[in-house]
Each structure stands twice: as structure tokens, then as C-alpha cells.
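J.: We have chain A already, so just place chains B, C and D on it with the hints.
Number of protein chains: 4
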Amino acid sequence: MIPRYSRPDMVAIWSPETKFRIWYEIEAHACDAMADLGVIPRENAEAVWKAKDVEFDVGRIDEIEAVTKHDVIAFLTHLAEHVGSDEARFVHQGMTSSDVLDTCFNVQLTRAADILIADLEGLLAALKRRAIEHKDTVRIGRSHGIHAEPTTMGLTFARFYAEMDRNLSRMRDARAEIATGAISGAVGTFANIDPRVEDHVCDKLGLVPEPISTQVIPRDRHAAFFATLGVIASSIENIATEVRHMQRTEVLEAEEFFSKGQKGSSAMPHKRNPVLTENLTGLARLVRMAVVPAMENVALWHERDISHSSVERNIGPDTTITLDFALSRLTGVIDKLVVYPENMLANMNKFRGLVMSQRVLLALTQAGVSREDAYRLVQRNAMKVWEEGKDFKTELLGDPDVTAALGVEEIEEKFDLGYHTKHVDTIFARVFGE
Amino acid sequence: MIPRYSRPDMVAIWSPETKFRIWYEIEAHACDAMADLGVIPRENAEAVWKAKDVEFDVGRIDEIEAVTKHDVIAFLTHLAEHVGSDEARFVHQGMTSSDVLDTCFNVQLTRAADILIADLEGLLAALKRRAIEHKDTVRIGRSHGIHAEPTTMGLTFARFYAEMDRNLSRMRDARAEIATGAISGAVGTFANIDPRVEDHVCDKLGLVPEPISTQVIPRDRHAAFFATLGVIASSIENIATEVRHMQRTEVLEAEEFFSKGQKGSSAMPHKRNPVLTENLTGLARLVRMAVVPAMENVALWHERDISHSSVERNIGPDTTITLDFALSRLTGVIDKLVVYPENMLANMNKFRGLVMSQRVLLALTQAGVSREDAYRLVQRNAMKVWEEGKDFKTELLGDPDVTAALGVEEIEEKFDLGYHTKHVDTIFARVFGE
Amino acid sequence: MIPRYSRPDMVAIWSPETKFRIWYEIEAHACDAMADLGVIPRENAEAVWKAKDVEFDVGRIDEIEAVTKHDVIAFLTHLAEHVGSDEARFVHQGMTSSDVLDTCFNVQLTRAADILIADLEGLLAALKRRAIEHKDTVRIGRSHGIHAEPTTMGLTFARFYAEMDRNLSRMRDARAEIATGAISGAVGTFANIDPRVEDHVCDKLGLVPEPISTQVIPRDRHAAFFATLGVIASSIENIATEVRHMQRTEVLEAEEFFSKGQKGSSAMPHKRNPVLTENLTGLARLVRMAVVPAMENVALWHERDISHSSVERNIGPDTTITLDFALSRLTGVIDKLVVYPENMLANMNKFRGLVMSQRVLLALTQAGVSREDAYRLVQRNAMKVWEEGKDFKTELLGDPDVTAALGVEEIEEKFDLGYHTKHVDTIFARVFGE
Amino acid sequence: MIPRYSRPDMVAIWSPETKFRIWYEIEAHACDAMADLGVIPRENAEAVWKAKDVEFDVGRIDEIEAVTKHDVIAFLTHLAEHVGSDEARFVHQGMTSSDVLDTCFNVQLTRAADILIADLEGLLAALKRRAIEHKDTVRIGRSHGIHAEPTTMGLTFARFYAEMDRNLSRMRDARAEIATGAISGAVGTFANIDPRVEDHVCDKLGLVPEPISTQVIPRDRHAAFFATLGVIASSIENIATEVRHMQRTEVLEAEEFFSKGQKGSSAMPHKRNPVLTENLTGLARLVRMAVVPAMENVALWHERDISHSSVERNIGPDTTITLDFALSRLTGVIDKLVVYPENMLANMNKFRGLVMSQRVLLALTQAGVSREDAYRLVQRNAMKVWEEGKDFKTELLGDPDVTAALGVEEIEEKFDLGYHTKHVDTIFARVFGE
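Those protein sequence lines, which keep their order, are chains A, B, C and D. If you read the first sequence in the numbering used here, its first letter stands for residue 1, the second for the next number, and so on. If you read the second sequence in the numbering used here, its first letter stands for residue 435, the second for the next number, and so on. If you read the third sequence in the numbering used here, its first letter stands for residue 869, the second for the next number, and so on. If you read the fourth sequence in the numbering used here, its first letter stands for residue 1303, the second for the next number, and so on.
Next comes chain A alone, as it looks inside the complex:
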């Protein structure tokens, strides 16, 4: 986790304080359930709630762990300091450390997912607003980085919206993947604890009981979760790449927002770097790199080994914190992106109408000119544009063979941008609904 690429709410989920708070809730709810089942005395269950508003002392717990070499035992010891040794003596009964650790991890991931879902919703709002704003802002579409046919900036925003909307749906599925809890004992057989304790704890924590666990919750769930983060990160890279291209000096169709006061801006007005989206490109790699280790974590030995643990201590916080930051940063970029419609037009006209050559070619053949002749007609005019800097439409209008086949009006019509934008509304309806 790199502080400069993090936001406090997500960081808080991964703090020791939050972790111990969740551990506490798991233990306290488990005691309630055991009391309900008559396994432990009611008063002992109630006593645990005395610590309800206590802020656990992380330093003290660390101190105890330094002696016991066991984090859950250290916490329980500290809890007993608040609840009373005797009152606390049934806490954790029949449970195994992983019951607490795994269930807590999934609570944290679920909360992280909630933030990421909210992030995506925020990003979608920004994308939708900019899409509508620039629905008819014509720019050249490019394949292979080369001018192809006209499109609109609104469609660009709309396709990013559609992509992020899919990511929102994936993120919700991913949240469901890891919204399970397990209180099932050393090898998942409930030998020492009633399954109804698991039901109760999960219910209270907003989780679903894991149908079958083995001390640990199966890691295919986490693999699917982190893979989803990797897909979302890749979409961030996709949008970031578009912005970086738009901002490059020769294109300059948009710029990341640049506050007037920012040093150097006006003495070197050409030197405004798309550093936010470049940064997002790197952050995407960081989120993505967790996918393979999360998949390698699936094949634990027998009922569990602990190889996944160090991996998750890292990627749990790091990827969610980084992705939260990246989504937020991207939302800001989209929200404040400075769009230059006039440059879009200028770029489109860089080759003075040549982007329409394919349309003209098609029109000629449709008008009955043979493919070979049509090609030759287009070519001889295109070459004058390419080599002598002439204007394509002007040349065509001055070529009697062309006007004979198409007529002035039809030639003019071929250069009408409305031809290319006529289905924008259809597409918007598909993406944003009516």
C-alpha cells in the first residue's frame, strides 16, 4: 500500500482496529448463539457485550502476541482483560482461529466491495454526464491509430460507460462470491460447534454461511474476486489510454484538468502532461498483478495450509486500496476533462476530406461504376490531396468523370457528417436506456 495512492475509508477497513472490532463481533455473536443453544451460560454471552464500545488497544494486543506468538489468542487475552477472565472463559469455545480470521477477511472484502461499487457508480455518473454533454461532438474515429470514419466524443464516453456498467455488475457478483462466513472448526466438520452458531454469526454480519468449509473458506471464491478487480483495472487502463492519446501534443483533443495556479502551466502552456492517466496505467498493473497469486492460492494442501495467508495480507488491502484510489482518480479525470471540439474537427480535416474516400468509392460502385474504374477515380483525386495538399471534395467536384457518375449533390452528401451520427441516439438508448 502506497500512502499517496490510498483513500482513508478503504484504508480504515484494513486497519488493526477494524480487524479486531470484527473479530470481537464474530466472537460475541457466536457466544449469543451458543447461549441460545444452551451450550454456554447466558450471562457469559452477555458479559462479552460489555466490551461493545471499547476501543481495543492494538499496542497491548501486539505486546501479548509477542509472547503467545498467536494473534487470535492475543486478542482473546486482551478481550478477557475487558470482559473479565472468568466471564470470558467460554469465548471462542469450539472454534478455530480460521473461523475468526476467514470470516473477518470476508467481512473486510465485502466492505471493500461496497466502496468499490460506490466508486463505480460515481464513475458511471460522470461518464454519463460527459456522454450526454458530448453526444454530438464529432471527432474522427481511429483504427490502428489511423483516421477511419467520424464518430462522436459522446460515443466514446458512452462506450466507457457501458464497459464500466458491466464492471459494476461484475463487482456485485464478486461481492457475492466472498460474502460468506464459516464457523465450522478445525476441519470444517462442526465437531465442536453447532452449525447454528455459524448461521447466527453470518446473519448478524451480513454474510451467507459457507456451505462446506475445511477450517478455511475455499479460495476459488477469492480468486474470482481478485480476477474481477483485475478486469476492472484493465478497463481503467483502457480509458486512461484513450485520455493519454487525446492529450498528446499532436492530437490535443482533450486534456486532464490543469488548475491555473499549477506551476509552469502558463510559461510552457504546451507542456501539460497527462500524469493522472499515466499513473492510472501503472495502478492498473498493480491491481492486475494480484490475479495470478490469488489463483495460485486455490490449491491448498488437504483441509488447509497457510501459504495463502501472506499473499492475502498483501493483496487484500493493496488491491482494494489501489483500485478505490484509481476509480476515484479516474472519476475526477472524467469529470473535469477539458474537451477541445475545435481540435477534433481540425484533426478530422488533417487530410482535407480523405477520410471520406471510402464512402466515395462505395458510392461510385453503387452508381454503376466498375470496381476498377471507381478505384482509379478515387485514387487520382486522393493522390492530389495526399501529395499536393489539395482538398478532396474540391478535387472530386472538379473531376468530370466523378461528377458524371455521382452528381454534385451526391458528392456533397458524401461529406455530410450527419451520415455518421444518424444512429447515435439509437446507441445511446441501448446504453443508457430510454
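Treat the hints with caution; some may be incorrect.
[Stated by the list, open to error] Computed spacing ranges between beta-carbons, pair by pair:
id: 1; chain 1: A; residue 1: P341; chain 2: C; residue 2: P1268; range: 37 to 43 angstroms
id: 2; chain 1: B; residue 1: A552; chain 2: A; residue 2: D203; range: 35 to 41 angstroms
id: 3; chain 1: A; residue 1: E46; chain 2: D; residue 2: D1364; range: 29 to 35 angstroms
id: 4; chain 1: A; residue 1: V67; chain 2: D; residue 2: V1360; range: 32 to 38 angstroms
id: 5; chain 1: B; residue 1: A552; chain 2: A; residue 2: H70; range: 43 to 49 angstroms
It is worth saying that the hints were derived from the structure and are not from the lab. Glycine included, each C-beta is placed from N, C-alpha and C at the ideal position.
T.: Just chains B, C and D, lined up with the frame of chain A:
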């Protein structure tokens, strides 16, 4: 694609013949739609169906491509050889190559998904059958590779079932991710083709129209698809690892089926190698390695570049073929796995009852013995087992301090395996339903 | 392996014919060594060489393997068909299949490495030639895709040369990593075969004996080998990305060679797509994806398991074939790259001198103007360029405050491109030597 | 970076204090060089050294950065607070931030490499000591997890030694890869700074001048560096996997050291978990996951973009800190590994001599028995061992057909372990030298 790790049905999906057949269907259905819209003459659309039962000549198409350097043009030229040049002249009108290529790729992936779904269903059936068969076959559960508490072989199969059942659900979602088609033109604006053509073609091919495309179908879909294959592969590795562990000489709780006739088996009966599951471990890596490139493919430049193409030419066939083979191989392994219940019992008793030490410890404290004393009591008997090869229960029954606290019956009860299996039915009901 | 991305020499290394030829040589040389040691009769060793010029019948070997289910035994059976059953009876004595398989794999990798080394040398020659050709071709250097300061096209080629020269050196190291052989028996103890057999076979095949093997040659070697291919692929992506940027419509400082006859080129002269370098970007991903599985292959169980085998059957041929093709394709791209020096100048002057603003700023402060004043002076002239389209130098020369501080001559000097290229020779000497 | 998996010396390399100290040295040495060249006054260069023993105030620098939004400027401002604004006015002249940042990063990586090299040397010493100690400790070699032929524990340690020795050599190469510095200005042309400044700074910092840089040092170097860390991590996983296998309950040929006082050890003596090596398995994944992003960092746009920066802020510290910790932890594991030679013998004899069946088979054929008969003889005795629990050698000695072919002495000889260990000295000499 490695022939020895492939099966014919999946391979067929990726053959040139299948590809050209799908291209043909896309073009023919598109012509129908255009005829319906009055864009092209009905008879030209109908003429295309003359080639309905033609087997396209791949060699001939390659020959043409060698000249035209363009695969779609080569195919269209060949198609015209069957349909007639004049009749075929409206085929592909207003379309771009990617309309055909991307839609075809998604048809292939969808079909591949169908096979993988069937594979998973087959695997689930095998896992369920073996789970029920071995529901009560007791074996030791292991954490860290070390004996923990008893569980049953049925629970092992059941957890693999639950995991693969999640994978089935993920695979269905992944199928939906890529079951889209696009006939939207050079930059996705439908400038030269009516969106209703796309509707019709998609409908005929069992696809959903891509809401917004840009010459290409957005690659976040494919990233999500291949990520899902990676998760499934990781689950395969998980099961394979369990089998490999069970078969190792010292454990020998199960073996991959070994036909009597197989060379060397009876002269060296100890030397039966779990080569199928080792192989599955490697195949899992091959499927998984496609995940990151599929994610790198998402960030195409502007409306498209072609960097994703070579990647997909490889990972499209290779991962689906490998995963199909792996699922099928795994199903065979599960189906025919030779299970040795007696070895399971022998292993569990390797340390003559010591696996029950924790239960005894707990019982002593619950009987009112202090934690320290209980620990000391267990320890002194455990050490006789560990160091002198004694039997744990016998020692406990002979230790008056222990019998004073627990009584003979309760000690006996602590060694009752039924204690550990009492919730197996509950778990089975969760996993398999009532 | 995708046929269209492969070249015959590299493909041949991975053919069954080549494999069986290498197996044969290993076995025949091993027999020689055993005869020298008096372990087998000399005439039996000599008899094996009867098959020296035989082309082994792959179909026949496959046929036998279908029965024996063992590839090495199938080969040995076929070999006996040529040599004579009795004469061949000492072939493979004391050896294990992996002795043949692993040594053969390393021979193949070594030969593949030789081709890749030659590829890199060819690429270096092309890069050097173009670097010298364009040593003084000025273009704007860009950071963040934004104009920074002038550099030269020669320096661009030179830095790619330096990078690929490092790759050549890495490739040579990688070759040494896997140029080992092992004939050490079932667990590497030489129990059934004299270590001198290994010495002899390795010597004949141009390998070094693996100091300690365990049936298999340790896979850290292969991990290092494939990691090196991944680094080289990343450098290919680096160069490809530069070309793609240069060719994009708005930049157009270079184009991949486009033969006159290539369809569509002259009717749509603006539509020349950098498809080769886009393709190289994808191929780089394919090579890179083998790195992690190769690393996952390192941790084999005990003396060996076979999980690495399926991985290597894939990545052995696929990555070397793809990288060979990619290096060759890149060499062609560099060799024939059409460079547009006039466009480079035009791009540099897009903002009429503004790229020199930093130099002017520095000059003003060095002339004693305070930082704040210097900034203000540059800013007010820069803004006229940025907002009104004026020429920067003209504005500066017309600003009495600026001319007071710097003088006309010094202002002129600040726009001298020679200032930026004065160390090009120094850098060339560093890269190419004197 | 996870505190529990880190060691102070490596952490210190990545502290802000160390970073600023290195920045300072770069700037101060650069001033010296500029003074030598007569570019700046000698007294200004000397004045910079006034801050030689200053501990820079990180909080203060952060405070300034919060205003300037630029880390290098913030540092220079703080430096001027120590040196004097006027005296410091030539600091950083003609340089660009990356000159400082990239050179500093490589200094940090170089120092990290030095620690890792020392770590590897420590690990090698431990492996060598244990190899010699257990040179003749016989254990069964296993392929596929199945007993194969005898080997020795010393050979196991020796092969890990050989592997880590290769890693030491790779690490030294990797150190050389990134031991370069660059002070070459905005696009690497030395337009504003003399190349001799770079020479001097590099010389003082123990670096080699980067032959050609472009504001940044080329990232193929870093890709190669992090790839090497990934290979080393994979070797750690390899050793960790062996230990985990040896410690599993059924094998128990070795255990991670377990201090007597450690809770729970003696009441549950069978429950000693190989948690250190399981942890190492996870840490290996964490180091390895940086390899692909480091490779994705190579293809920067034009002369540089900043996408690599966020990646390196993470993987620079995280992988070196994790690998340092892992190597140190592994060294402790090896150093204190509790080896159980008696269990090794017991395991080897699990099938009462059957591991020798292949040797007997070979001996029979060498004695002139036909392959089929030999196989039948071995088989009928092997089956008695396998199915009835008899002892193999005893059975063979009681089978007149066998004794007729081999004689008692030869049968006895086939069970002599010395046969398998006869070349251990040869292998040790290869690995450790004479």
C-alpha cells in the same frame, strides 16, 4: 494446442472449416436482413443460401488469401465462386471485416463454453456419486499436511463438488459475457449499415447485440471470460493436488485407476504414479497463463488496434481445448479413483490416538481441571505415545488422575469417531440439497 | 503455435523428426561411452550407428506408442527395428527416460537460442544502420506524449540498439543456463550408469553435464531462460509502441513499409495501418505469458513430478517460435521503416517555438533576471503563441524587456537546434563504440 | 510491504531518509563536477557539502511538497534552507527530476541487491553445512511422490545448494543490470548538462553511466532485475515444498525447528506445522507477481511516460523486502531443520524391499533370463509382498527359480544401499568443488 491434450469436439470449433461456416452464416443472415430492409434485392440474399450445404475449400481460400493478403476478402471471393459473382455482389455490403471476425469469435467462444458447461456437469455428477459413496468413509483431516481431526472422504468429494458447482455458475456467467455480436461498421456508428441487420444476425446466431461497439466488441468481456477459465483451472489444480497427496507412497489413501494390463504394474506394484493429476497441475498453469494477456488486451487504442488478435488466435483455441481436456481427464480420475478406506484408518491411527489429544484436553478443562493441570495430564500421556509407541487411549485409561476427572466412559467417548461425523448429513444437505 | 507467426527453421527444431534424431544421438553416444567403459560390448555400440542416416518413421513410432503408452520405449522399439533386436539390447541400459527427454529438451532450447541470437544480431545490424542514417535527423523528444526538447531519430534507433544489445547478452546467458545435459538415472545418483557416460554424451552434444540432477534437470534453469525471452519480448513491445506512435495520423513521422501494390493504399493513402507493430505488441504478450508458468514449474515434488511436462510441451515450441518470428518481423519493420524527416520538423514546430520556452527561461535567470520576472516575461510571450498563434521567437525578439536582458543574438541562439544535438556523437560512441 | 515479513536493513534502504540522502549526494556530486568544469562557481559546490551531516527533515519536505506538488523541488527547497538560498542556487542546474529519481532508484536497488547477495551467501553456507552433515544419510528418492530409488539427504541439500548458487550468480548479474546512473537531461541529449557530470556522479555512487538514456533509464534493465528475483523466489518455493513434504505426518523425515517452550508442542507432539515453509510458499508468490508488471513497464511512450512510477514505488520496496525476509527465514529453516534419519529408513522400507524390484529385474535379464521370465519371477514375489506383507528379499531368497539365476550373494548385493550412494562423493565434488 498440443494434440495429446485435446478432444475432437472442441478442436472442431476452432477448425478453419467451422470458422468459414460461421462467417458464411453471418454474411447470409446479414443479406436476409438487408433484403428485408429493402437495402439489397431479395434474390441476391436468397442466392447466398445456395452455398448452404457447401463445404468451403480451405485450401482454395488460403490460395486466394496468399494474393489478396486479406482473409475475409479471400473468403468472400471463394463464396462468390459458389454463389456467382453477380449474385454475391451485395454480400458484406456496409460491413467491416471485424463485424464478421468478432462475431464469429464470440460464436466460437459460446460453443466452447457450452462444451465446458457440459464438462463441468459431467464432473459434478462424478463428484456427487463418489461423495455419496464415501459419505461415511472416515479419514483424517489435515491442516498444514499434519493430522488434525477426522473428517470423511465424502466431505472431500463434497467440497470439490461445491467448488465446481460455483465454477459451473461462473462458466454460465462467462458464456453470457461473450455471447454478443456486432455488425456496426468501421467505428461502430452503423454509418453504412442498419442496426437491424445486427439484430437479425445476432438473433439467428443465438447472440445478443453488443450495445455499443467500435469496429470491435469490447475486450473487457473476453478478459472476464478467460479469467473465469483461469479460476476453473485453479480448482482443477486444487483437486489434482489432493489426489497427488493421497497417492504418495506414505499416504496411499487413493490411487488413480491403473489398468491391470498396464506395463510394470505388478512387478513394481508400489510404483503407480499419479501422472494424470500431475499432468492436470501443469494444464492448469497453461490455462491460467492466458488470463493476464487477455487483460492486457482490453486497452486497445481508440476505436481499435489489432494487438489483441494474435493473442486471441492463440488463447482462444488453446485455453478452451486444454480446459476441456483437463475437465474430461479429471472426471475420469474422479470416476475411477481407487479409494483405500483401510489405509485411511491406518493413517489416522499412525500416532495411536494422539489426534484426539485436543478433545481430551478440552474435556478435562470442561470437567473442571485447570488449564495448566489439564495440559500437564495430556502431555505426560501424549509423550509416552510419541516417544515409547504406546496407545493414547490405553495410557489415559491407566492414568488415575485422568480417570478421576473424566471417567472411563467419557474417555472412551472422546475416541468415538461418530463425534466428528455427526454433521455430515447437514453439510451434504447444504451442498447437494435435500 | 500459430502457423502464420512461425518460421520454418525454428519450427523444425520442434518437429518429432528432430526430437527422435536427438534421442537417437543421445542413445548412440551413450552406447559408445558404455563400450569405452567396458560396460557393453563394442559391437553393440557400433551397431547402433547403423541407423545413423535413417529417417525415423514418426507414424510407426506413434503406432508403437499407442500400444506401449510410453514414448521412449516406443522409440527404442522402433530403433531396434533398424538396428536389430539383439544388437540393440544394450541401448538405454541403466538410463531413465528423463535422461533422454531432458537432455533432448535442452538441446532443442540451445538450438532455439542459437536462432534467437542470430535474430538479435540481425536486428542489431538493422538498428545500427538506421541509427547512423538518421543520426542528425532532428525530431522532438516527448515525455508523457507531450513535446519536451529536440532529439534525433538516430538517438531513437540507437537506444533501441543499446536495449537489444543488452538482450543479446541476456540471450547468451540464457543459452548457457539451459545448455546442460543429464544421464544420471532414476533419482540422479548414477546408481545404474557411470557418470562418464553423461560426460561423453554432453560433450558430443555441445552441453555441459548438469552438476547435480534428480532424474530431471532443475527447472530454475528453464525459468531463467523463459524469463529472458519475456524481457526480450517486452523490448520488442517497446520498439513496436514507438513505431505505432510515429505512424498515427496526427504524428506521421514514420510508416511501416507499404508496398505500392498493396490493395487500397493509393485510394486511401491516409489509411496505412501499423499492423505489423500492432501484431508485435500482441506477440510480446504471448511470449511473456510463459514466464510465470515456467517459474511455477520450479517447485517439483521431491526428486521430480511431471507437472512441468505439459507446460513445457507448450511453451518450449510456442515461445521460441513466436519470439523468432517477432524478432524477424521487427527486423523487417526497422529495415524498411519509411521515415519522414520533414514531418518531424513540422511536428516540432507545431507550437511555433514554444518547446524552447524552458531554455529561454533558464537564459533569462542566468542573465540575472529574477526567477519571478523571468517567468513573467516568458509567460506573456508564450501566451501570445498559445492563444493567438504567434511565433515565439518573433514575439521574444519584439519584447524589449526580453531583448534588454538577452540580446538578439542570444535569443536566436536559444532556438539553435545544434544546442540539442551537440552530444549525439558522444552518445553514439558510447553505444556503438569508436 | 508487510511489517511482519520485513527486516530493518532492507526497510531502511527504502525510507524517505535514505532516499533524500541519496538525492543529496547526487546533487552535491553533480555540483562538484560542474565546478570542475567551470560551469558553476567552486564555492557554490562547496557550500552544498555544508549539509553533509544534516538529517533532512522528512516532515518539512512533505510540507513543502504539499504546496509545490513536486517532490524534487520540495527537497531542493529544503536543501536551500540548510545551505542558504544564494549558495544553493546552482544546485540541480541543467538537470531534470528523473536524473535524480532514476539514479537514486538504481542506487537503492543496488544496495538491496547487496543485501540479497549476502542473504544468498548465508543460505549457501547453511545448505553446504547440512549437505556435508547428511552426505550419507540414506533416504528414498521419490518421483511423482512415489518411492523410486535410494538417495541421500546430503544430495537433497546439495541440489538446493547448486540451485541457490546459480541464483547467487544470477543475482550478481541482476545487480549489474541496474547499477547504472543517468544525468542526461529532459530527453537524454545532455543539452543542458555536460556528460562528464554524469560520469563523476556515477563514479562516486558506484554506478556505471547509462550509455543512452531518455530522461529515464531504460526499463528492460529493471524487468531483468525483477525477473531474477522471481526466479530466486521460485527456488525458495522449491525448497519450501520439499520441507513441507518431509514434515507431513505420514512422512516425518524432518521438521522445522520447534522450540521446547512453544505452546502446545508436547501435549500434541504430532501437531507441529511447517508454517515457516508454508509462509515461504506464499512469499514466493508475492515476489513473483512483480515480474509481469516490471515487464509491462518496459514499453514507455516515446522518451518516457510515468506509468512505470507507481508500479516501482510498490515493487521496488515490496519485492526486495519480501525476498530478503524470505531468504533469511529459509536460512533459519535449513540451519535448524530437525532431520530424522531413522524415519527415512523406516519410510524406505515401507514396502519391505519392493523399491529394489527394478534392480532385481535388471539383474535377472543380465543373468540371461528372458525379459518375460524375469518379469514373471519378480512379479510373483512382489505380489506376495504387496498383498501378503511378506519381505521381498526373503521371498526372493526362497524362490528357487530366482536363486538359480542369481545366487544368494547376488540377491543380497541387490539390496545393498552402497550401490546407490557410490557416486555421492563425485556429485559433491561437482557441486562444492574439491
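J.: Tell me if the beta carbons of P341 of chain A and P1268 of chain C are separated by a distance inside 37 to 43 angstroms.
T.: Holds, since P341 of chain A and P1268 of chain C (Cβ atoms, about 38 angstroms apart) stay within the stated range.
J.: Taking the CB of V67 of chain A and the CB of V1360 of chain D, does the distance hold inside 32 to 38 angstroms?
T.: 33 angstroms, holds
J.: Indicate whether the distance between the beta carbons of E46 of chain A and D1364 of chain D respects the range 29 to 35 angstroms.
T.: 48 angstroms, violated
J.: Take the C-beta atom of A552 of chain B and the C-beta atom of H70 of chain A, compute their distance, and say whether it sits inside 43 to 49 angstroms.
T.: Between A552 of chain B and H70 of chain A, where Cβ atoms are some 47 angstroms apart, the hint holds.
J.: In this structure, is the beta-carbon distance linking A552 of chain B and D203 of chain A contained in 35 to 41 angstroms?
T.: 37 angstroms, holds
This entry does not satisfy hint 3, going by the numbered hints stated previously; all others are met.
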